[in-house]
Structure formats: structure tokens, C-alpha cells
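Each chain, letter by letter, is given below.
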Amino acid sequence: MPDNASYMFAAYIASAVVVGGWLLSLVSRARAMARRGSAIDAAPRS
Amino acid sequence: MPESFAQPMPTMGGAGRTADKPVTVFDWLLAVAVVALAAVIARAIWFTPPEALQGEAQKIFYIHVPAAVVGLYLACPLVAIGGAMYLWLRDERLDRLAESSAEIALVFLSIVLVTGPLWGKPIWGTWWTWDARLTSTLFLWFILLGYTVLRGAIEDRQQRARYSAVLGILAALLVPFIHLSVRLFRTMHPQPIVLTPDKPKLSAEMGLTLSLAFVAFSLLFVAMLRGRLKYAALRDQVEARESGDA
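Read top to bottom, the protein sequences are chains A and B.
The letter at position 40 of the first sequence is residue 40 when you use our numbering, and the numbering goes up by one with no holes.
In our numbering, each residue's number is its place in the second sequence (first place is 1) plus 1000.
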């Protein structure tokens, strides 16, 4: 049987990086959007 | 991994008011999905036998195939259905469903396109080959990338929703072609063996691990979709308030 476990581990790690990166990206975008919403709330009304 | 934000949630209307509840894009379902995925990966690595000829690299199968199935047969159809229903009903929730599904399809197809070469190198002896299955999947990935770029380039919400609905429907038309590509063309990519009566069967342990992987990836998809939909709704609220619509 060939010794190629490193490819398996690389694939699992790469997949975790792809999903984790997207999750962090969405959290970051949602935080930025919440800040924009708060800025609207805090803005003085004419 | 439930995530709460320190920032208060913007209200739909009402000058100077903020809701007490913090913004939460991910909920308990994501935690369940992450635990399920971790359990599946542990089972695949330590408790599932390797395939006799391919060795441990064959275990890439347990993420490559579920990611492809969920991305192609769950996320991509939702892009088309959401887009088509938007063109009919003009309901912004359907546009949000389509755009959220497209982004998640892009994530799952990225997993497919990363894990495929990592499986192909030790088994085929090459990272990549321009055969029909691989090339058409890469083409769909580029179309979905174009879909997200298109959405960022158009400011008018209705125009953005219309154009991206058409592109999303066209993108999903590639899915049947990708599915049939291994039958229509001579490819290095193997034909499906799971649920195919005349092909060799997986062992019971391998079949169970694959089934659990499908469940875990489906849970992950639903958790990601719920989070992305919440973000899209929040963004639309904020943009509407900024433009003075709400």
C-alpha cells in the first residue's frame, strides 16, 4: 500500500482553511455592517 | 461556533433607536455541524480502513465527494430556483437566497477543486488534467466567482437582482453537464460507484463513513446558509436606511 497519508492530511487542512476563512469573512462583514447601522442610529437628525 | 457581536443590531426604522439583541449570524446549528464534521474526519482517519490500492489518499473521498454533491446538487439548484422565483415574484428574500447559495456553492466547489488535485497527484500522477469533469467544474467555479463580482459591481438593487438571477440560472445549467460529463466523454475522473448497482460496492465501514460525511456536510451547508441569509438581511436593512428608504 502506498505511503501517501500526507495528501490526505493536506486535503483535510486545506478544506478547513477554506471553510474557516469563509466563516471569518462573514463574521467580519456582519460586524462591519452592524457598525454602519450603529453609525446611522448615532447620526444627528435634522 | 456561535458568534455574537458587541455592536448592537441596527433597527429597521426609528431614529436613534437600537435593539438590545446583539447581531448573531451563526447559531447552534453551526456548532453541531462542526462537531459532526470533526467526528466524521476522526472516523475517516482512524476508524475507516484505507482502500487497498490507493492507500490513505483515498480518504480524501470523504470530503471531496460530499462537498461536490452538496455544492452541485443542493447549492447550485438553489441559486437557480431563487433567481427564477425572484424574476417571477420580485421578492427580495428570494434574491438573498440565490446570492447566499451562490457564495456557499463557491465555497464547496473550492473544496472540491482543492481536494481533487491533492487526490489526483498520488493516484493519477498529476495535479490536474483538462478532462471534461474537471474543466467543467472549474468553469462553473469561475461563473460563480463572476456572479459574486457582478453583484458587487451593480448598485441598483433591483437591477443587481435581475442580472444575477439570469446568471445564476445559466450557471446551474452546467450542473447536469458536469454530472453527465464522465459518461459522455473519456475522462480520467472515475464514474460514480456509490448507489450504482453494477459497480463494486464500498465496504460497510466505508459506506457508513461516507453517509455520515453527507449528513455532516448537509448540516454545514444549512448552517452556512442560515448565517449568510442573516447577513444579507442585515445588509439590506442598513443599505435601505442609508438610502432613506426605511
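What the hints contain is simulated information worked out from the structure, not anything from laboratory work.
Be careful, since some hints might not be right.
Distance condition first, Cα-Cα at most 20 Å in a straight line; then the derived SDA-like pairs of lysine to any residue [said to hold, decoys possible]:
1. K1201(B) / V1069(B)
2. K1121(B) / V27(A)
3. K1121(B) / A14(A)
4. K1230(B) / N4(A)
5. K1121(B) / S6(A)
6. K1230(B) / A1052(B)
7. K1121(B) / D1027(B)
8. K1201(B) / P1190(B)
9. K1121(B) / L26(A)
10. K1230(B) / F9(A)
11. K1230(B) / S38(A)
12. K1230(B) / L1219(B)
13. K1230(B) / S28(A)
14. K1201(B) / D1027(B)
15. K1121(B) / R36(A)
16. K1230(B) / R29(A)
17. K1230(B) / A5(A)
18. K1201(B) / H1189(B)
19. K1230(B) / M1(A)
20. K1230(B) / A10(A)
21. K1230(B) / D1027(B)
22. K1201(B) / A1052(B)
23. K1121(B) / R31(A)
24. K1230(B) / F1214(B)
25. K1230(B) / I13(A)
26. K1121(B) / D3(A)
27. K1230(B) / W22(A)
28. K1230(B) / R31(A)
29. K1121(B) / A10(A)
30. K1230(B) / P1050(B)
31. K1121(B) / A32(A)
32. K1230(B) / S6(A)
33. K1230(B) / P2(A)
34. K1201(B) / P1050(B)
35. K1230(B) / V1069(B)
36. K1230(B) / A14(A)
37. K1230(B) / R1160(B)
38. K1121(B) / P2(A)
39. K1230(B) / L1078(B)
Hints, one by one, checked against the model:
At roughly 19 Å between alpha-carbon atoms, K1201(B) and V1069(B) fall within 20 Å of each other, so this suggested pair holds. The straight-line distance between the Cα atoms of K1121(B) and V27(A) is roughly 34 Å, outside the 20 Å bound, and the hint therefore fails. Using a Cα cut-off of 20 Å, the hinted pair K1121(B) and A14(A) holds, with the two alpha carbons roughly 15 Å apart. The hinted pair formed by K1230(B) and N4(A) fails the criterion: a straight-line CA distance of about 41 Å is larger than 20 Å.
The straight-line distance between the Cα atoms of K1121(B) and S6(A) is roughly 12 Å, inside the 20 Å bound, and the hint therefore holds. With a CA separation close to 45 Å, the supplied pair K1230(B) and A1052(B) exceeds the 20 Å bound. At roughly 38 Å between alpha-carbon atoms, K1121(B) and D1027(B) are farther apart than 20 Å, so this suggested pair is violated. The straight-line distance between the Cα atoms of K1201(B) and P1190(B) is roughly 14 Å, inside the 20 Å bound, and the hint therefore holds.
Of the supplied pair hints, the one linking K1121(B) and L26(A) is violated, its CA atoms being roughly 32 Å apart against a limit of 20 Å. For the suggested pair K1230(B) and F9(A), the alpha carbons sit about 33 Å apart, so the restraint of at most 20 Å is broken. In summary, the hint linking K1230(B) to S38(A) is supported, as the alpha carbons are separated by about 17 Å, within the 20 Å threshold. With a CA separation close to 17 Å, the supplied pair K1230(B) and L1219(B) stays within the 20 Å bound.
The straight-line distance between the Cα atoms of K1230(B) and S28(A) is roughly 13 Å, inside the 20 Å bound, and the hint therefore holds. Between the alpha carbons of K1201(B) and D1027(B) the distance comes to roughly 38 Å, so the proposed pair goes past 20 Å and is violated. Note on K1121(B) and R36(A): the hinted pairing is violated, with a Cα-Cα distance of about 46 Å set against a maximum of 20 Å. The suggested pairing of K1230(B) with R29(A) holds, with an alpha-carbon distance near 11 Å, which does not exceed 20 Å.
Between K1230(B) and A5(A) the alpha-carbon distance is near 39 Å, which puts this suggested pair outside the 20 Å criterion. With a CA separation close to 18 Å, the supplied pair K1201(B) and H1189(B) stays within the 20 Å bound. At roughly 47 Å between alpha-carbon atoms, K1230(B) and M1(A) are farther apart than 20 Å, so this suggested pair is violated. For the hint pairing K1230(B) with A10(A), the CA-to-CA distance comes to about 32 Å; that exceeds 20 Å, so the pair is violated.
Note on K1230(B) and D1027(B): the hinted pairing holds, with a Cα-Cα distance of about 11 Å set against a maximum of 20 Å. Distance restraint check for K1201(B) and A1052(B): the Cα-Cα separation of roughly 14 Å lies within the 20 Å cut-off, and the hinted pair is therefore satisfied. Taking the CA atoms of K1121(B) and R31(A), the gap is near 40 Å; set against the 20 Å cutoff, the hint is violated. Between K1230(B) and F1214(B), the direct Cα distance comes to roughly 24 Å. Violation of the 20 Å bound is thereby established for this hinted pair.
Among the hinted pairs, K1230(B) with I13(A) is inconsistent with the structure: their alpha-carbon atoms are about 28 Å apart, more than 20 Å. The suggested pairing of K1121(B) with D3(A) holds, with an alpha-carbon distance near 13 Å, which does not exceed 20 Å. A C-alpha spacing of about 15 Å is found between K1230(B) and W22(A), which places the hinted pair at or below 20 Å, so the restraint holds. At roughly 12 Å between alpha-carbon atoms, K1230(B) and R31(A) fall within 20 Å of each other, so this suggested pair holds.
This hinted pair checks out: K1121(B) and A10(A) have alpha carbons roughly 12 Å apart, not beyond 20 Å. Proposed proximity of K1230(B) and P1050(B) is contradicted: the alpha carbons are some 40 Å apart, above 20 Å. Of the supplied pair hints, the one linking K1121(B) and A32(A) is violated, its CA atoms being roughly 41 Å apart against a limit of 20 Å. Restraint check: the Cα-Cα separation between K1230(B) and S6(A) comes to about 38 Å, which exceeds 20 Å; the hinted pair is violated.
A hinted pair counts as satisfied when its Cα atoms are at most 20 Å apart, and K1230(B) with P2(A) does not qualify at roughly 46 Å. At most 20 Å may separate the alpha-carbon atoms for a hinted pair to count; K1201(B) and P1050(B) meet this at roughly 15 Å. With a C-alpha separation of about 24 Å, the suggested pair K1230(B) and V1069(B) falls outside the 20 Å cut-off, and the hint is violated. For the suggested pair K1230(B) and A14(A), the alpha carbons sit about 26 Å apart, so the restraint of at most 20 Å is broken.
For a cut-off of 20 Å, the pair hint linking K1230(B) to R1160(B) stands: about 19 Å separates their Cα positions. Restraint check for K1121(B) and P2(A): satisfied, since their Cα atoms lie roughly 13 Å apart, inside the 20 Å limit. For the hint pairing K1230(B) with L1078(B), the CA-to-CA distance comes to about 17 Å; that is within 20 Å, so the pair holds.
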